[in-house]
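A.B. asks: So the protein lines, in turn, are chains P and C. Read in numbering that gives the first Met the number 0, the first sequence has 39 at position 40, and its numbers run on one by one without any break. Read in numbering that gives the first Met the number 0, the second sequence has 191 at position 192, and its numbers run on one by one without any break.
Hints in this document: simulated from the structure, not taken from any laboratory. Please read all numbers here as calculations on a predicted model, not as lab measurements. Keep in mind that a hint or two might mislead.
Stated by the list, open to error - Stretch by stretch, here's where chain C covers chain P in the computed footprint (C-beta under 8 Å, at least three residues):
| id | stretch |
| --- | --- |
| 1 | 14-20 |
| 2 | 57-69 |
| 3 | 75-82 |
| 4 | 87-93 |
| 5 | 109-120 |
| 6 | 123-131 |
Backbone N, C-alpha and C fix where the C-beta goes; we use that ideal spot for every residue, glycine too.
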Amino acid sequence: MNTLPLHHFLAVGGVLFALGLIGFMARRNIILMFLSAEMMLQGVAINLVAFARYHGNLQGQSFTLFLLTVAACEAAIAMALFLMLYRSRKSLDVSLWQELREPGQPPTLDEEPLPPEPTGEPLPRLTPAGREPQPTEEETHV
Amino acid sequence: MLLNRAANYLFVENWPLSAALVLGLISIYLLLPRTHRVPPWIGAVLGGLALVLAGVGLLRAEVFTAQTLLFDSFAAVAVISGTMLITQSNPVHAALSFVLVVMSTGGLFLLLAAPFIAAATLVVYAGAIIVTFLFVIMLAQQVSPSNANDRSREPLLSALAGFVLLAAILLVLRASYVPADLKPLDGVIVKANKLLHRLDAVDLDPAAEKEAAAEFQQLAEEFKTVAEELVPKSADESKPSVGLPLAGTLRNEAENALVADPQTWPQSLERLRDTALRVRNSPGMLTPPPYLATSALSGPPSNTPVSERRLDRFGLPAMPAANSAYLGRSLFTDNLLAIEIAGFLLLVATIGAIVIATRRAERAG
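Isolated chain C (complex conformation) (with noise of 0.2 Å):
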């Protein structure tokens, strides 16, 4: 029973997805150094179909902005990068690769409002890191078909085992980020945002104004009944329960929305929307604990409540724009002894570079 439903689950629903890990498996399999390899082409041709089978299973979206594309694009640079370095026989090529997965995971930090995170990994990673590399690879040639180069390490089994986390990992995602029917949440935010645009548009004449707060009457009914379906059922066996945290906080805005003062009534499907948008992002989100360890400086805890935090227009948290300025203060109030601790670290490290290489050049010379 158990592995009926585990079979429809990866080969019945999922197929794109599993499809797509099997196709990576081969292709990398195929594409890893070996004495006779097979030509590249092959491998490259089936790891570019598994990337779009992996799009399409796992990365649905409905509304393709320049947000969407920017990020496929970063992330497909970065696994075709990640791909490249681990399947090149030329250490310097497997470098250069290297770089442009630290630049696409530099634009994928830009998309989550991380400049400085950004340029700190551009620098370090790309500037410093990779610069180091070349050095030693220059230092340490190898005369050109070599064992480290060309042979792998068991490249069935290694791959094997890499695409089994792979498939963990997707499958758990997709299982606890995607869950079924939030269709209906979707149409019930679009029309409230449609509403609200209207209100800001114009002044509307009493007439207007009464239609828009019978709809909005209407609107809260609906959020009520969608927020009723979503709540977490318990002892139901016969359907899958798809329950979202927060569900049962917008069902009892709904209700008082209902029954709120109509001079008010603009800023209750304000607070609606905003709980829904919420409610939307919060699939596979684990509730934050009450407590957290870290000031206010850090930003609001993850547990505030809707009402107290400022949304941006995707419902997401809004971030600061100053990052940088708000990162420094964040690190060296709460995170000060790790700061501190981060630069004894990074000068032991140089004291210990030092000595093994000059122990290095006594024993050589």
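Next up, chain P with everything else stripped away, as it sits in the complex (with noise of 0.2 Å):
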């Protein structure tokens, strides 16, 4: 008996899917997005590997394989062109790049500040044992 039907397979492709979608619309780092568009093609991957393994043929795996050929590309030229984003304004933030946004939409505006960053305790100092020395006029004429 089967206990391994493919719908569960298909459900956990399904999830992936969904969570990358999220955070490919949520995220506001560029490589964020980046990396939930990826978690994307891991579901469409597991989706075609179960359904190879459930008709018994190899065409899905093929097809994985060049779906992870095509990832890798898309990873690098994306790389390339995010570190040159970067350049430009100096951060990721996706929206900082507003103005390609469509006519009608209004802007997103950030109204609350940020939280300030957490400083650190203070480096500990030493108590001084004893004088400092005062260096000599050979040591401070060099």
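From the two separate chains plus the hints, produce the assembled complex.
C.D. replies: What follows is the structure, encoded as structure tokens:
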């Protein structure tokens, strides 16, 4: 008896795809958006390989290899482009490129300020033991 | 009327799945980064509860085997790492969560008889793509609380859109792959397995063999009644039609087995059992077209009749053990043009990345 039916794998592929979609739409860091898109591709790959198993031929696996190839090329070019974009604006925030939006759309504004940078504990200072030595004439005059 | 049926389907019959989707939506919405974050343990607890409910609602298994345990662990790690990927503020933590996602999908590929794809995915994604990502994160560093890392664009709307899609996918899967009444078929398959096991174990004396033959007749009758229940009904609106493909084939084979030659009844029983397994695995599968574009080197076509296929012990078509060899043979005969184009694509992408990088350095320097 088959204890692992096909729709279990399709459900996992669907969940990964939907989570990647949410990450792509919700995050502002360009790199994290692209990482979510890669997760969508992983969901699709699970679907393809599951169907290959349950139909008994290798067509799904061949297509997954091509998917892998295209994902690698996409990642290479995308990384180069992200570095170019970073050089322009010194930030990876995708909201800085808002003038590319459609004409009727309102802009995205940040009203709440970010929380302040957490100040770490100050570096420890040792109590001075004894007098500080005064440098001699020879040592100051290099 | 339709709304009543839809509400009934969503909230009464499939309430674990609907509850899981709502809880998952709330947990993702709470976990997405924003300026004043709620403590992450709330989102984590809700998300864990959603995962457990989804497991109960969609993945009910009658038998708990090693395969089920492996699948459950890999799937749970994949989903949890996916959630961590989209909700972490620190991009390095997100990249490492992606490595966890890739490793768990590699495990799932191993469960699906695809060891080459598992290894290739691990090497390419976790080995090359993630390392590239980490280098770029290092070169494009952000000061600690930044607009890019600590804010989200429309968290509520994007989570809602994603979960509406997920609800559509999971509910359609449940409706098409879990039809109402397959328990009689399961029972009959288990009985046939037991009888065949008894025949293989020991040579029977004539009395026991006659008893086994009588049992076979009874079993063939049961197969016939079960198959008749499962054949798609055309005009019966009162009860939902379970109707499975190949159920008609099962009924015909059962009728043939009842009138067959008494010498060959073990083979008939085995064929009946294999057809029943194929019917059991057929819900939700579309009938493949009669003509397929690939040759036999990519594996037998999906519409090969049951008598001409090898089935493994789960009733699924057997996959080649030498996966890399057969995959290579399929790629370089049926998909040769695609392989060449993929290689060309890789070359063009390499040249493009180098050109973009060099131009950037020239403009900066």
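A.B. asks: Against the structure shown, which of the earlier numbered hints fail to hold, in ascending order?
C.D. replies: Those not satisfied come down to hint 6.
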